[in-house]
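Let chain B serve as the given structure and place chains C and F on it in line with the hints.
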Amino acid sequence: MKRTKAFAAGVSAAALTLTLAACGGGGDDDEGGDQGFTSGDTSSGGKNPEAVGPAPEIEGATEGGEITVLAPDPDDGIDSLDPASLWSVTDNGILQDLVLRSLTTFRQNDAGEYELVPDLATDLGTPNEDFTEWRFTLKDGIKWETGEPVTAEEVAFGIKRSFDADAFATGPGTAYSKPYFDGGADYNGPYTDGEDFPAVTTEGNDIIMKFGKPFPEMDYYSIFPAIGPVPLDAEINDYRLNALSTGPYKVEKFVPNQELVLVPNDQWDPETDPARRQLVDKYTFKFDVNPQVAAETVFSDAGSTTVVTALQGTDYNKAQSEGLQDQVLVGPQPCTSFVMPNYTKVPELEVRQALAYAYDYENIWSAGGELSGVTRANGVTDEELGFGLLPPGMAGREVWNGPFDDAPITFDPEKSKELLAEAGFEPGEYEVSFVYDASTPEGEAAAEQRQRGYEEGGFAVQKYPYTAGSLYDVWTDPDNKLYKKINLLGTAWCQDWPSAATFLPPIVETGAAYNTGQFSEASVDDEMERIRQLPVDEQAAAWGELEQTVMTDYQPVINTGYYQNIFGFGSQIGGFANDTSVGGAPDYRTIYVEQ
Amino acid sequence: MFSFLVKRILSGSLIVVLVSVMIYALFWYGPKSPALELCRRDTNNRCTPAKLVEFEDRLGYSNPIYEEYGKWAKGLVADRTIIHGTSEYDCPAPCLGISYRDKSLVTDQFKERFPVTVSLAVGASALYLLIGVTVGVLAARRRGSVADKALVASTLVFSSIPYYLVALLSFLILTLSTSVFPEAKYVPFLDDPLAWFSGLLLVWLVMGLYGATAYTRYSRGSMVEALGEDYVRTARAKGLRMRTVVTKHALRSALVPVITIFGLDVAFLLSGTVFTEKIFSLEGIGKWGIDAVNIKDLPVVQATTLVLAVSVVVMNIIVDIVYSILDPRVRLA
Amino acid sequence: MALPAGDIAVHDETADASLEPEARKKIAGRSPTRIAFDRLRKDPIAVICFAIVLLFAVIALFADQINSLVGVNTEVVRASERVNLVTLLPLDGPPNHGFDPEHPFGVAPGDGTDNFAVWTKGCQTSLFLATMAAVLSTTIGVALGLLAGFLGGIVDSIISFMIDLFLTFPFLVGALALAPIINDRWATEPEKLRDVSFWALVAILTIFGWMTVARLVRGEVLALREREFVKAARVIGVPTRRILVREMLPNLIAPIIISFSLGLPAYVSAEAGLSYLGIGIIGRESWGRTIEQATPWWEQYPQFLLAPVVGIAVLVVALNLLGDAIRDAFDPKTRR
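Protein sequences appear in the order of chains B, C and F. The opening position of the first sequence corresponds to residue 1 in UniProt numbering, with each subsequent residue numbered one higher. The opening position of the second sequence corresponds to residue 1 in UniProt numbering, with each subsequent residue numbered one higher. The opening position of the third sequence corresponds to residue 1 in UniProt numbering, with each subsequent residue numbered one higher.
Hints in this document: simulated from the structure, not taken from any laboratory. Quick reminder that beta carbons are idealized off the backbone N, C-alpha and C, glycines included. Accuracy of the hints is not assured; some may be wrong.
[Unchecked claim] The calculated DSSO-like cross-link candidates involving lysine-lysine, where the alpha carbons are at most 27 Å apart (straight line), are:
no.: 1; chain 1: C; residue 1: K51; chain 2: B; residue 2: K178
no.: 2; chain 1: B; residue 1: K345; chain 2: F; residue 2: K192
no.: 3; chain 1: C; residue 1: K111; chain 2: B; residue 2: K253
no.: 4; chain 1: B; residue 1: K481; chain 2: F; residue 2: K192
no.: 5; chain 1: C; residue 1: K32; chain 2: B; residue 2: K484
no.: 6; chain 1: C; residue 1: K185; chain 2: B; residue 2: K286
no.: 7; chain 1: B; residue 1: K47; chain 2: B; residue 2: K213
no.: 8; chain 1: C; residue 1: K103; chain 2: B; residue 2: K286
no.: 9; chain 1: B; residue 1: K253; chain 2: C; residue 2: K185
no.: 10; chain 1: B; residue 1: K485; chain 2: C; residue 2: K51
no.: 11; chain 1: F; residue 1: K192; chain 2: B; residue 2: K484
no.: 12; chain 1: F; residue 1: K231; chain 2: B; residue 2: K485
no.: 13; chain 1: B; residue 1: K178; chain 2: C; residue 2: K103
no.: 14; chain 1: B; residue 1: K485; chain 2: C; residue 2: K32
no.: 15; chain 1: C; residue 1: K74; chain 2: B; residue 2: K286
no.: 16; chain 1: C; residue 1: K111; chain 2: B; residue 2: K481
no.: 17; chain 1: B; residue 1: K415; chain 2: B; residue 2: K345
no.: 18; chain 1: C; residue 1: K185; chain 2: C; residue 2: K149
no.: 19; chain 1: C; residue 1: K51; chain 2: B; residue 2: K484
no.: 20; chain 1: B; residue 1: K485; chain 2: B; residue 2: K345
no.: 21; chain 1: B; residue 1: K282; chain 2: B; residue 2: K210
no.: 22; chain 1: B; residue 1: K463; chain 2: B; residue 2: K485
no.: 23; chain 1: B; residue 1: K463; chain 2: C; residue 2: K111
no.: 24; chain 1: B; residue 1: K253; chain 2: C; residue 2: K103
no.: 25; chain 1: C; residue 1: K71; chain 2: B; residue 2: K282
no.: 26; chain 1: F; residue 1: K192; chain 2: B; residue 2: K463
no.: 27; chain 1: C; residue 1: K32; chain 2: F; residue 2: K192
no.: 28; chain 1: B; residue 1: K213; chain 2: B; residue 2: K178
no.: 29; chain 1: B; residue 1: K213; chain 2: C; residue 2: K51
no.: 30; chain 1: B; residue 1: K481; chain 2: C; residue 2: K185
no.: 31; chain 1: B; residue 1: K463; chain 2: B; residue 2: K415
[Said to hold, decoys possible] Here are some chain B residues the structure puts well away from chain C; computed CB gaps all over 12 Å:
no.: 32; residue: A55
no.: 33; residue: E129
no.: 34; residue: R135
no.: 35; residue: G212
no.: 36; residue: Q258
no.: 37; residue: G303
no.: 38; residue: A395
no.: 39; residue: E456
no.: 40; residue: A513
Chain B on its own, in the form it takes in the complex:
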């Protein structure tokens, strides 16, 4: 429900049939240079260890002006500025781009692609042979907003804080610091277990990290503010309200989940920063704004310097029909949503395949208020997208359009019946049951379309309305009485960075948190373990191959659409770009006010 935060609040108006609540990297907002999914490549820029400050000048960019950013309901925005607890698209998008620097970061290169560049570190880090040790060197001349220099000890302290799973449970540390660092599982951060932690040490300006298992992606993980400095005297609880800036902007006012005001930080030195700029005089972020109000504002004169992080389908159409196309941008998200049959209750492969042909993709989207090919897309709108597990743009990904070369997946009731017959079921004999979000008319309408599609495809359907909160309440709770009734569940996932290692295992590994259908195949688990041990440059292709195998041999999930987000921005906003590197948010490093 809270698409941008990785949690679901009880009652909210804007629940999607399948919410993105599960996104590891958060959620929702994505912007892209243009409107095709295929161009939403999230990482094609690769790595650029030589990049140095200042950030390249943007053609036509002017300085000055103030920008207001509205995050519409259900995005309730930032509730903590603490680097260790940041792990959602809205939060990271804003704070990584403007306030909190870390060892590495992404920036848009000349081709409009995002490349990994050094940030606080002099380069992208030096790993040892088997990626069990990484060494980063802190640049000279980095200062806090107070004018004090940033030290390597402070970076180490910041990293150590990310191990505190209790105080910073929402942070990425639980997923990456604790499992990978040597002894990380038993270390609970400097507040509980003291600062003595041999896996994170300093040597002059160097920060040395030791890992219990190979972690070739430490340079990517270092984009998180959690892998950045925190003053040694930062309090465990209150730092989230008054975090110090190392970036081009500092916090003037912060009310959790309500408002964040940023003003330029005069201690920031552009010479040290290859990615960020200081073009705007003031940023005001407002969260949980009424969606219609946000849209009307951005299209009005009063909103000429306003940015809206997520517009609705109706707003998009309004912009199209009123000649405001220049003020919207549709961008892909590195996220995929799925229907996931319960693997024990729906054991027949043909039935799971039939379900893919009986899902009336475009009509379900339409009834749910999603625009086919604009806010949702997959193989039915563009063959190049396919129906696979991995989102477009992920390294090693190959398009997968279904198990049968002669019949690519689309809504095809006859094919569905055929498959059911192969499995030995007459039309109307096999009952599928699912739970849907009944708290909005769109949710109900989409469920009705879905039921109709399944019935045309030869299934009997039982659907259960749910209004008490997020559908994940049901899908992830085997004790829930609805869970016991249904055999179709769902899940959705966003990448943390462009590697299938952040995507496949959470969904198809036995016992994984978002493997809601309890998919479990020993051969798949073994293969994933094998890939993790492969040389780094072979992993991507191996993951891509595994995706093909899993989908063709087991069809554990049915791809119900890749997500795209619609951004709106006022007539005076220039340099608006899609920061796919954080999973999709306005790129605050390049925006400026046209003077």
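Positioned in the frame of chain B, the structure of chains C and F alone reads:
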């Protein structure tokens, strides 16, 4: 009078306590663990059963309910130290606890938000009376005429549309599309009275016009009745001007039902206006409360419940006193 | 006092006029109810409003028959047959293609359901829900208010305490906390949930709606019981029940009618507002739900939003004006 007050205050306090216990229990014994939403939120939706137990322990849900309620209630009069997991928070009296969501003191949040809600209440309630009673009296004096029907019908049409739609469309059309009204925002009165006024003007008008319908109807109804009374005819027969009769005599008794509604409405306004605050993005008590209910932030819910309960009780007492002033035949007992 | 517009005549003017002298002769022998009805019959606004209310009642009662007569239904169709999947707007009919005789009110954007069918069914749900809630809360409110105000003493204390307690209880918190409990209990039986969620909403609206009426009536009664005619009735030993019903109640018609005719639309709106907050009726069409669904379309497809809004507004105005007319007609002090 004195014994009346004592009695009302006693029964009022009892009500406040009862309501707060009821809400507490409702959360405590609801179908899902009260710690579940928070656990989900704080663990990126990875709330395992073990985590949930940990959260229940941390928030005190594994203790007996009376013990926790006792701690909370005691905080109203005495300083307390709140322990959440490994962190301690000092909470000086009157302590309403700390918000589960952002660990801030509920009392501080309240102090920040209450002025917003009070500002809304002041403007809206003034318009209720001003518009409602004026239109009602005018309609009553022209009872049965086209003017009467038109006045009544026009206020009705407005208030028959669901409120959130009225508020939303007014904001979209009058502020954003056409800029007739400045953008709705709250500026403290003492900082800049003019900005305070202009920032809330549209909000007041929407609330006032919408809410005034009830006052129009009640005051028209009782005014019609009052104008039919013998004492009014007597007054007219004495040669008093109609205007004087209406304002000095009839209005007084016609206001009795109006005052009842008004007292309650003020109390409700003071406890927050959820839709208004949500649509106009004003950070008052109502939005605070509804957001807190959604994530089961019990200390905040308790605080907003207290605001409502105390406002209702106080306003009820005031209304009864005003009754006795308006209508000398009503005894306070 | 202005002339009752009835005298200015409508279509059956001659019939009325011919009755007039006769009726006047009989004045002495007519009951108060009869007088009231005669007055109402002659008030064209009352007649028109009554006709409108009746029309809505008929629509609500015979929604299914009307729909099949018009040839529409609320069944799910494949959305792409009726709407454009990229703009979500209908392929035929409003807002872009004029009138579509197959769908008099057009079809819904997104899923293509027929708006007219949904409108009549929504009328049914909303009217039924609001009527039930208004009748129940008014009845409870009047009964308790009357007792409290007239009897005073311990009864008054208890009832007043209950009123205050319920008023003090935060409605939205209560509703938001109760709804999931109910939905959770019947979650696995969607057919029952459909009815339960409806009656639960009636119950919620009643439980949190009766106090205003009760307080109002109590306040009025407090004033009334000091009045000469009530005192007189007591002195001559009229039983309490009779005083309440014969002396008090007629004087309370004004507030009762007003609160009923205000309550009804308020409940229709409340249903819409609650469904905006996620506590709505599950599995039925309702005006509140259509309004919620249509709000984002207010600019691009205003007809979609207008249908339920106009429905509510017309109904509400008619009910209120009718209520006023009835009130006036029953008022013994109204001299004509």
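Which of the numbered hints above does this structure break? Of the numbered hints given earlier, those the structure breaks are 12, 15, 16, 18, 21, 23, 25, 30, 36, 37 and 40, listed in rising order.
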